[in-house]
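**Student:** Here's the letter readout for the chains.
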Amino acid sequence: MRDLPAGDPGAPSVSGPWRFLGWLAGTDASVLAAVAGWSLGGMTAQALMPAVLGRAIDEGITGRDAGALGVWAAVLCGLGLLLAFTRTREHKASVLVWLSAAYRTVQLVSRQAGRLGDTLARRISSGEVIAVGTGDVAKLGTVVEVCGRAVGAALSIVVVTVVLLGIDVRLGLVLLLGVPAVLALSGPLLGPIHRRQGERRELTGTMTATASDIVAGLRVLRGIGGEALFERRFRAESQRVRAAGARAGRAESWLNAAAVLFPGLLLTLVTWLGARYAAAGEITVGQLVACYGYAAFLVTPLWVLGEAAGQLAKGHVAAARVVRILRMTPEHPGDGVREPSGGELRDDVSGLRVRPGSLTAVVAGRDAGALAERLTGYTDDSGVTYGGVPLAEVKGLRRRVLYAANEDVLFTGPLGAELLPEGSDDVRARAVLAACAEDVVAEAGGLQGGRVAEAGREFSGGQRQRLRLARALAADPEVLVLVEPTSAVDAHTEAAIAARLGAHRAGRTTVVFTESPLVLAAADHVVHVQRGKVVAEGRHAELMAGAPGYRAEVTREIK
Amino acid sequence: MKLPIATAAQAKAYARRLVLRYPRALAGVVALQVLATVSGLAVPWLFAQLVQDPGRRIDVLAASIAAFTVLQALLTRAAFAASAALGERVLADLREEFVGQALRLPLATVERAGTGDLLTRASRDVDLLEEAVRDAVPHVLISGVTVLFTAVAIALTSPLLLLPTLAVTPLLLLSTRWYLRRALNAYLTEDERWAELLDAFSETVTGARTVAAFGRDGQRRDLTDARIRASWTAEKYSLGLRTRWYPALELSYVLPVVGTLLLGGLLYLNGHVSLAQVTAATLYVQQLGYPLNIMLTQLDDLQLGGASLARLLGVAEVPPDRSPTGADPSGVDLAARDVRYAYAERDVLHGVDLDLVPGERLAVVGPSGAGKSTLGRLLAGIDGPRTGAVTLGSVPLTDLPLDGLRHRIALVTQEHHVFHATLRDNLALVREAPDDELRAALDAVGWTGPGLDTVVGSGGSALTPAEAQRLALARLVLADPHTLVLDEATSLIDPRTARSLERSLGAVLHGRTVVAIAHRLHTAHDADRVAVVENGKITELGTHDELVGRGGSYAALWETWNR
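Just so you know, the sequences run in chain order S and X. For the first sequence, the working numbering begins at 1 and goes up steadily by one. For the second sequence, the working numbering begins at 560 and goes up steadily by one.
None of these hints come from the bench; they were simulated from the model. Quantities reported herein were computed from a predicted structural model and do not represent experimental measurements. All C-beta atoms in this analysis are idealised placements derived from N, C-alpha and C, irrespective of residue type, glycine included. Please note that a few of the clues may not be correct.
[Stated by the list, open to error] Straight-line alpha carbon distances no greater than 20 Å define the calculated EDC-like cross-link-like pairs of lysine to aspartate or glutamate that follow:
hint: 1; chain 1: X; residue 1: K561; chain 2: X; residue 2: D860
hint: 2; chain 1: S; residue 1: K92; chain 2: X; residue 2: D859
hint: 3; chain 1: X; residue 1: K795; chain 2: X; residue 2: D860
hint: 4; chain 1: X; residue 1: K1096; chain 2: S; residue 2: E443
hint: 5; chain 1: X; residue 1: K1096; chain 2: S; residue 2: D439
hint: 6; chain 1: S; residue 1: K92; chain 2: X; residue 2: D860
hint: 7; chain 1: S; residue 1: K395; chain 2: X; residue 2: D776
hint: 8; chain 1: S; residue 1: K533; chain 2: S; residue 2: D347
hint: 9; chain 1: X; residue 1: K571; chain 2: X; residue 2: E670
hint: 10; chain 1: X; residue 1: K561; chain 2: S; residue 2: E458
hint: 11; chain 1: X; residue 1: K1096; chain 2: X; residue 2: D860
hint: 12; chain 1: X; residue 1: K795; chain 2: S; residue 2: D3
hint: 13; chain 1: X; residue 1: K1096; chain 2: X; residue 2: D1039
hint: 14; chain 1: X; residue 1: K795; chain 2: X; residue 2: D859
hint: 15; chain 1: X; residue 1: K561; chain 2: S; residue 2: E454
[Unchecked claim] For each label pair, taking beta carbons as the anchor points, the in silico distance ranges come out as:
hint: 16; chain 1: S; residue 1: D65; chain 2: X; residue 2: V711; range: 29 to 37 Å
hint: 17; chain 1: X; residue 1: A807; chain 2: S; residue 2: A74; range: 13 to 21 Å
hint: 18; chain 1: S; residue 1: A236; chain 2: X; residue 2: L579; range: 24 to 32 Å
hint: 19; chain 1: X; residue 1: T802; chain 2: S; residue 2: G16; range: 34 to 42 Å
All chains, full assembly: derive it from the sequences and hints.
**Tutor:** Given below as C-alpha cells:
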C-alpha cells in the first residue's frame, strides 16, 4: 500500500471550488480508479445474485432437481466470496483516497498560512481557518472517495441493464428508462438540501468559533467574570444551529422518502409487467424473481449516487472555503529581487536613519509599533529604504530584516529547535545568555531535550518574553527590530539584558523601540521621535542633558 | 496531564438519560420507524404470492405493492424528520452542557492539560458526536428495527427457514465482538493523533505572522508532515482490523441466503413448504443484509461518538477547585497564612504570610519566576493553595462561589485575549450596563480605540495589545470589586502612559484594595506598601521609603533603576 502523506502536496487549481475538487481527485487518480474498479466488481457480484437465485428456482425448485439446486447454491456462495473480497479491497482504497485528500488539504492550508504570515489574520478569523482542519478536510476526503464509489455504482447499473435486456427486452427497457427517471425525480430535492446544509454549516462554524474563543479566553473570564454572558451567547448560537439542523433534517427526509418511493414504484412496475409475462409463459418464475431482485438491487447503486450528490454539495462548501484561503496572496511578501548595498535602514518620512552595525534605541511613545512596521516593510507606506533599495524590492527582505514583536507566539515542541531550527547549541546558548533566559531554559529541561509545552503557556509573561528575545537573537538577522522587548521583565533582569544585548549584536544592526532608561543608556545611538518625526538624536546622556523634550519623556517615568 | 475522560459506563448512562429526556419524541420516532418497516416488509410477501400463482390477481397485488411503497416512503420521511429534530435537540443540550462545564473548570487544571485539549473537545469531539447523533444513531435505530422485524417476518413465513440465519449468527456476533474490542482503542489512538495533527495546524494558523517573520515555514511543514505520518500509522492499524472483519461480515450476509435457498428448496421438494414461502423467506433473508450492514458499520461511528462523548463528559469529572459553603465573608480584609503552591510537584511558594490593609495599594516586586503571579492568583482566589489558606473576612476564598468571589475580588493579568464580539460585549462581561456607564469606564482608562458597536477580536477589528489591556482595565472599573489584583496589567502599554493611567485609575478606584504585581518600580514607588517576593517567599515588606532605608534587595533594585 502506498504511504502517506505526499512529500509535496502539489500546486492546486484554485480558480474555483469545483476545479479544486477536480484537482484533488486527479492527484489520486490511480487509487480512485481502484475504488471505482473494486466497487464495480462488488456491485456486479451482487447484481448477478438475483440471476443465480432465479436459475436456482427455475432449475432446482420448480424443475425439481436437487442437484441443480446444489450447483446454483454453490455458485451463489462463490459470488458471496467474490463480494467479500472486492468489498474489502474497495474499502481499503476508499480509506486511502479519503485520507490522502484530507492530509493534502491540511498540508496546503498549513503551508499557505506560513506563506501569508500577518496577512492571514488580517483577512480571515483564525477560527475559520482552523475550521478547515476540524471540519472541511473530512468533507473533502468524503467527497473524493464517494465519487470513486459513484463511478462503480453507475457502471453496475449499466451491467444490470444489459443482463436484464437479455432476460426480456421490454423489462430491460423499462429499467433503462426508469433508472434515469428515478434520478431525475430525486434531483430537484437536492437544491433545498444544499441550501439548508449550507445554512447549518455556516451557523455551526460560527458556533465552533465562539466555543474556541470562549476556551481561549478562559483566563480572562476567570479573572473578572462573564462566564454567564458567554454561556448565554453560546446557548443562543447553539439553538440557532439546532433550528437549522432540524430544517436540514426535514429537507433530507424528503430525499430519504424519494429513495424509497421512486425505486419502489419502479420495482412495482417491473413486478407487475413481469408477473403478466410470467402468467403468459413468456418468462419463467425464476426470471420473475430475478427481475424483482434487480429492481430491488438497483436501490443500492442509486443510493450511492444520491449520497455522492449530497456529498458533492457539502464538499463544494468546504472546497469554497479552502479555495478562498489558498487564493490569498501575502500583502507584503518581502520577496523583491534587488540586492541592497550597504546596510543603512532609512525612513524619509520620519527622518529616521539607522546606522549599520550599531544598536539604535528609538523613543517613539505609542507610535512605536506603527513605526516598527513601516521600518520592516509590513505596511504599504513607501519611503523606507534598506541599503538604498525600497523595502518592497529588497531581495530576501524577511531573511535580512527581522521584526520581533510581542504578539509573536512560541510554538509547542523541542526547545532547541524552537529557538533555532538549525545551528549549534553554542549559538542557542549565547542567545539565551544575552536574553537572560538561562533559568527559563533550565526550567523547561535544557537546550537538549527541553520542551516548550502548550505554546509556552506554562511560562509567565516575562519568561515568554525572554524566550522570544532569545529566539530573535539566535536568528541573527542583518537587522533586528525589537519593540519593548523587556516590557514584561523585572528591573534587575532588564538591566542585565540591556548590558548583554549590544555585545551579542556587535557588528549587526539592531533597533530597539523602548522607553526604559536602562536600555536607552546601553544604546550606541538614541533617536527621539515625536508625532512621526525625528526631533532629537544622540547618546542617552547627551540627550538627557541637551534635549529637554527627550528628558521629559524618559524621566517622567521615574520622577 | 490531560483532562479526564469519562468511563464507558458513565458515557452510556449519560447517553441513556439524554435520550430519555424526551421520551415522547423518542417513542414517536420508534413507532414511525416500526410502521415504515412493516409497510416495507409487506412488499416481498405480496410478491411471493405472485410467484406462487402468477396468473391470479396480478393487478390487485401490484396495486397493493404500490400502495405499501407509498406508505413506507411517507412513514420513512416522517421518521427521519422526527429523528433529526430529536437528534438536534439532544445535541444542543449536550454541547451547551459541555460549554457550561468548560466555563466552570478550574483554571489550573485547564492549564496543566493545555488549552489545546479543551479546544479539541470543544471542536472536534463536538463535531464527531454530532456526526454520530445525526447519522449513526438514526441509522442504527432504523436498521435495528428493520432487522428485528424482518426476522419476525421470516419466522412468520416459516419458522424452519429462520434456521440458516440463526446458524450464521454466531459468526457475525463473534467476529463483531473481536473487532469492536480492538476498534475502540484503535479509534482513540486515531483520534489522539488527529488531535495532535490539528494542534500543530492550529498553532501554524494562529502563529502565521511568527512563522513568516522567522522563516519557520520549513519547520512547520516538517512538523505537519510528521504529524500526518503518525496519524497515517494509526489509521493503517484500524484499517487492518477492518480488512479482517469485513470479509466475515460479508459472508454473514450471503451464507444465510444460500442456506435458506438450499433448505427451502429441499423442504419444497419434500412438500413441507410452498413456493411462496421459499421465495418470501429467501427475499427477506436477502433483504436483511442491507440494514444489518448499515447497523454494524455504524457501530464504529457510534463507538467513536461514544469516545467523544466520554471526552466531553470527562470535563465534568474534574473535581471543583472550590466548594461553596454558603459562608458570607464578614469583612473585606484579605489575608494569606503559610501559603504553599506547587506546579508539577515543585513548590513555587514556600509559606507566604500576608495581611492586606483594606483600601491600601500594595505593590509586589521581585525577579521573574519568583512566584509573584502565583501569589496574585491565590490572592484573587483563582487557585487554592496546596497548604495554608487565603481568607477574606476569615472565610477561605475557595469556600466562596465564583460569582460571589469576583464581586469582591477581581484579577487582571497581562493576558490580552479579546473576544470576537462587539466592544460593548467585551466590556460588559460582568454585568449589563447602560452605554453612558460603559463610556465612563472607557474614559477612565483613556480609551481611544474603536466604538462600542465595533466588532473586535479575531476576524474583527484588531486591537493592539495596549488597547486590549486598557479594555481589561475598563472591565475592572465596570465590575468595581473591593479588591483588585493587577498582574502586570499595564505591561503592554507604553511606560509613560502606563504611569498616568495607573494614577487616573487610582482615582477611579479610590478606597479599593489594590495588589499590583509590577516590574516597573514607579508602581512600587507610588504604592502604600511594597512586598518583595524572592524564591517563593516574601523577603521584604514595608513602605517604599522604609525598604530603601533598609538597604536590602529592594534598595539595590531601586538603585539599579535610578542609576
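**Student:** All the hints need checking, so say for each whether the structure fits it.
**Tutor:** Results for each hint:
1. Straight-line distance between C-alpha atoms of X/K561 and X/D860 comes to about 24 Å, which puts the hinted pair past the 20 Å bound.
2. Annotation: proposed proximity of S/K92 to X/D859 holds, straight-line Cα distance about 16 Å (limit 20 Å).
3. A distance of roughly 17 Å separates the Cα atoms of X/K795 and X/D860; the hinted pair therefore holds under the 20 Å criterion.
4. Restraint check for X/K1096 and S/E443: the C-alpha separation of about 19 Å stays at or below 20 Å, so the hint holds.
5. Distance hint between X/K1096 and S/D439 is fulfilled; the C-alpha atoms sit about 18 Å from each other, no more than 20 Å.
6. For the suggested pair S/K92 and X/D860, the alpha carbons sit about 17 Å apart, so the restraint of at most 20 Å is met.
7. A distance of roughly 18 Å separates the Cα atoms of S/K395 and X/D776; the hinted pair therefore holds under the 20 Å criterion.
8. Between S/K533 and S/D347 the CA atoms are separated by roughly 10 Å; this keeps the pair inside 20 Å, and the hint holds.
9. Proposed proximity of X/K571 and X/E670 is contradicted: the alpha carbons are some 29 Å apart, above 20 Å.
10. Restraint check for X/K561 and S/E458: satisfied, since their Cα atoms lie roughly 14 Å apart, inside the 20 Å limit.
11. Of the pairs offered as hints, the one joining X/K1096 and X/D860 is violated, with about 53 Å between alpha carbons and a cut-off of 20 Å exceeded.
12. Between X/K795 and S/D3, the direct Cα distance comes to roughly 10 Å. Compliance with the 20 Å bound is thereby established for this hinted pair.
13. At roughly 30 Å between alpha-carbon atoms, X/K1096 and X/D1039 are farther apart than 20 Å, so this suggested pair is violated.
14. Restraint check for X/K795 and X/D859: satisfied, since their Cα atoms lie roughly 16 Å apart, inside the 20 Å limit.
15. Taking the CA atoms of X/K561 and S/E454, the gap is near 12 Å; set against the 20 Å cutoff, the hint holds.
16. Separated by about 32 Å at the C-beta atoms, S/D65 and X/V711 satisfy the suggested range of 29 to 37 Å.
17. Take X/A807 and S/A74: their Cβ atoms lie about 20 Å apart, and the range 13 to 21 Å holds.
18. At about 26 Å, the CB distance of S/A236 to X/L579 agrees with the hint of 24 to 32 Å.
19. The supplied range of 34 to 42 Å is met by X/T802 and S/G16, whose beta-carbon atoms lie about 37 Å from each other.
This entry does not satisfy hints 1, 9, 11, 13, going by the numbered hints stated previously.
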